[in-house]
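Enquirer: Once you have looked at the hints, place chains R, U and F on chain G.
Number of protein chains: 4
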Amino acid sequence: MAYCIDLNSDVGESFGVYRLGMDDEVLKYVTSANIACGYHAGDPLVMERTVEIALKNGVAIGAHPGYPDIMGFGRRDLKATPAEVKAYVKYQIGALYAFAVSKGTRIQHVKVHGAMYNMAAKDYGLARAIAEAILEVDSQMIMLAPAGSQMISAAEDVGITAAEEFFADRAYKEDGTLVPREVAGAVIEDEDVALKRVIRMLQSGRVETITGKDISIKANSICVHGDNPKALELIKKIRDGLEKNNIKVVPLSQFVSMI
Amino acid sequence: MAYCIDLNSDVGESFGVYRLGMDDEVLKYVTSANIACGYHAGDPLVMERTVEIALKNGVAIGAHPGYPDIMGFGRRDLKATPAEVKAYVKYQIGALYAFAVSKGTRIQHVKVHGAMYNMAAKDYGLARAIAEAILEVDSQMIMLAPAGSQMISAAEDVGITAAEEFFADRAYKEDGTLVPREVAGAVIEDEDVALKRVIRMLQSGRVETITGKDISIKANSICVHGDNPKALELIKKIRDGLEKNNIKVVPLSQFVSMI
Amino acid sequence: MAYCIDLNSDVGESFGVYRLGMDDEVLKYVTSANIACGYHAGDPLVMERTVEIALKNGVAIGAHPGYPDIMGFGRRDLKATPAEVKAYVKYQIGALYAFAVSKGTRIQHVKVHGAMYNMAAKDYGLARAIAEAILEVDSQMIMLAPAGSQMISAAEDVGITAAEEFFADRAYKEDGTLVPREVAGAVIEDEDVALKRVIRMLQSGRVETITGKDISIKANSICVHGDNPKALELIKKIRDGLEKNNIKVVPLSQFVSMI
Amino acid sequence: MAYCIDLNSDVGESFGVYRLGMDDEVLKYVTSANIACGYHAGDPLVMERTVEIALKNGVAIGAHPGYPDIMGFGRRDLKATPAEVKAYVKYQIGALYAFAVSKGTRIQHVKVHGAMYNMAAKDYGLARAIAEAILEVDSQMIMLAPAGSQMISAAEDVGITAAEEFFADRAYKEDGTLVPREVAGAVIEDEDVALKRVIRMLQSGRVETITGKDISIKANSICVHGDNPKALELIKKIRDGLEKNNIKVVPLSQFVSMI
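Residue numbers (the numbering used here), protein chains in the order written: chain G, 1 to 259; chain R, 260 to 518; chain U, 519 to 777; chain F, 778 to 1036.
In isolation and in its complexed conformation, chain G is listed as follows (with noise of 0.2 Å):
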């Protein structure tokens, strides 16, 4: 039996002068991108350029909508309305459709940023101001969201396909949850182990807990990070490693509604 799986990481995050990531190395390796919309970073030429890699890869377009808080890289919790983030995600994904479109492509998937991410993840109102923003400028658009998070509930209640993303270095609690980084153990250093967690994932839709406990989780895309050398070894890694058990690494459109 074979399995596809997708490889997603944050893209375009540069914003005027200032450099972020090592995107024209992890567009070679990932299958579908990101690309921050200019709200928490990212900037009109940044996205064009973005977008040019990324379809040069044969990489998926993303859009990746913030908060509008580039000073705090949409990483802080803001109390906007369901209302405001909606209106929020429809301008970011606007902004991203004009540079898709003029290459002749489409966006595949949206993956809300940082605080938002968090937020909606929990709260169904923010989740679902999002699932509506996605299905009212294009249905066809995949949402990308934490495994059993409320923005996956949403989706499905609004009509729209959504794909769930596990972290291949990030520990899990047995509520499906991450644990949160500054608890011991949060991060998966070994990189064999990250990949070994990710083929089982795969392969048997279990995952170990922090607390030695299985889970149950079955993914479409591996969140990976391209902040620096040694996260592009890391997306390197498992993509070789799941390339070498027979898993397709594909991007999320041509397998997700298939599950």
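Rather than coming from a laboratory, the hints here were simulated on the basis of the structure.
There's no promise every hint is true.
Said to hold, decoys possible - For lysine to aspartate or glutamate, the following EDC-like pairs were computed, each having C-alpha atoms within a straight-line distance of at most 20 Å:
| hint | chain 1 | residue 1 | chain 2 | residue 2 |
| --- | --- | --- | --- | --- |
| 1 | G | K79 | U | D641 |
| 2 | F | K856 | R | E284 |
| 3 | R | K338 | F | D900 |
| 4 | G | K79 | U | E700 |
| 5 | R | K362 | G | D138 |
| 6 | F | K880 | U | D641 |
| 7 | F | K880 | U | E654 |
| 8 | G | K122 | G | E132 |
| 9 | U | K621 | F | D900 |
| 10 | F | K880 | F | E909 |
Quantities reported herein were computed from a predicted structural model and do not represent experimental measurements.
Expert: Chains R, U and F in isolation, oriented as in the chain G frame:
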């Protein structure tokens, strides 16, 4: 013989708690709305609301992109490169597209704002950047620009439709450009005179300049303002006067390709 | 026995072309001005003009720092760290200082705005950050904050002077906090009632809560609003009523250290 | 006879998560720091940290105000009025003042940034606005500006101290202005040549222009850059070379009034 004309106005220029313009009133009388896209004015909630009001009134949706300068309302020359301007225009058109498509409509036209409008009227490089942005995002959109400007030339060169606009309440120079506001006689205060100029321009293609000499102008749209009650009165007077003279007041897209 | 009271109001909240508030009128009747500093509202030109108008009317200058969120007018909770809040408050106090010193005056007080005000009222960490910012920039500045809040405690702890404010047109709970706006009876519409509450509070130190029970409040300043003509009427009524009752209406710095 | 010279560099240009420059290294070798103030680069936390590092190294604090254009890093001409520029400069000086005074120091100098620097060098109206801003906030601050520019004239006219700066690694035209970067020979790549030019300028007041002719320049400060390791090497070389030639490298305020 029947004449057609469009009435366009800048709307959606409120921002956060700040209110600007009399959009609810203005949108009852114009046929094309130039909606600010968040760079010099407007925000996602304002954009969404403005698209809704326009649609309710049968007004066609237009993007009104400007320089990233809310503090200066996009009215200050900013020496951005053509590549930057092109990307800024795409970004803003895309952002508005999201709200238009959400409501089941599309963007009819693009009219750039303030300093970008004035600079691109004279600078072919900027004008070309704007025309290409329109072409690449949606080649069916009409560029709305001053009669005889570099933007009109650029639109022709890249192969998009352009519409020329006429200012009802402004005096013209012999070269077809506007008399600067600081010159005596630049603004035509008498509403009846303004109306007669519009009707004459439509029926004979001729406008009397500030020097008394006639020049030729064939515009498809009249630019009107809705900042204050007096401006609103002029809009009503023009619309009423046009209809009494059997001139159809309809959105650009209904007649502009026929010219 | 003579009583003194200060009247404070938020001013300088215009931004670029956007006008907000009736500053020219309000500054005729209040004694302390809370001037927005460009993070949630205001801009350098507006700040300069507002300092000038305040001085012309003998009104004391105060800084009114907020979160960096013009789109939300600083009214949305933003989970910034105490270190960030401390630096934001310093930055904004300093910016206003430049305009004050330019006109030969200094900053009398600091009152934080909106969400920062509400959050710091309850959160000692934020309150302490604000108090330290004031101490480190100019320890002679007075912190203006809600009676009995964490900000008052923090001011005492770091050793700066604090002044407590009372809301003339708002109902209080038994714990001394305001009844939220959405609760019936939260806003006191009757101007005569509002005035009587202020005078009673000043003369007896007592306020009747929404439940009918009396609590003790000893405020140094009455917070009034100048957003609309009705609000302006209330300011005049309060000022007039206070003076008729032999209560001196003077800036905080003229009496607050005596308490 | 003893000569004195100051070495100045732009620092504090990081913003939020974005890192720029090698401030920790650069501040070991320069004597005056031009600290970005949040309009074109920098943020309150970065400003605070930069002031601390400068003080630790005995480097004098300077404000480095720019146009409100983070996306363009303040490098794009913005047609702001002199009144706007004056208010922007005051605002930014004030903001930095708060961090300086917090650490028990004051602002030694003001050097405007990027497009504002280039425009005000040639435009007396802008230059005067900047000089007046300095005068009105703290007349003891020194204006640092290009030799022979309109800013130097304006400083003299309003009665503040001005210091002229020399670019070690740039070729000069016969009129005393810099050869534009795009011209061949504009940048002096050879570090030994750059050093020799500085020493000759200091000892003889003469600089050889790109045409081979000598002109007279008497600068008080050498502008150096710290963007990359190579630039840092040049700083070290210049500092070392100056000291070996018995030239004292000290902050402006220690000698500039003597000239």
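Enquirer: Decide, hint by hint, whether the structure agrees.
Expert: How the hints compare with the structure:
1. G:K79 to U:D641: Holds - the C-alpha atoms of D641 of chain U and K79 of chain G are around 16 Å apart, at most 20 Å.
2. F:K856 to R:E284: violated, 33 Å
3. R:K338 to F:D900: holds, 16 Å
4. G:K79 to U:E700: Holds, because 18 Å separates the two Cα atoms, which is no more than 20 Å.
5. R:K362 to G:D138: holds, 12 Å
6. F:K880 to U:D641: Violated: K880 of chain F and D641 of chain U sit about 26 Å apart, past 20 Å.
7. F:K880 to U:E654: holds, 8 Å
8. G:K122 to G:E132: With a Cα-Cα distance of about 17 Å, the restraint between K122 of chain G and E132 of chain G holds, given a limit of 20 Å.
9. U:K621 to F:D900: violated, 26 Å
10. F:K880 to F:E909: Not satisfied, since the Cα-Cα distance of roughly 26 Å exceeds 20 Å.
When the structure is compared with the earlier hints, violations turn up for hints 2, 6, 9, 10 and for no others.
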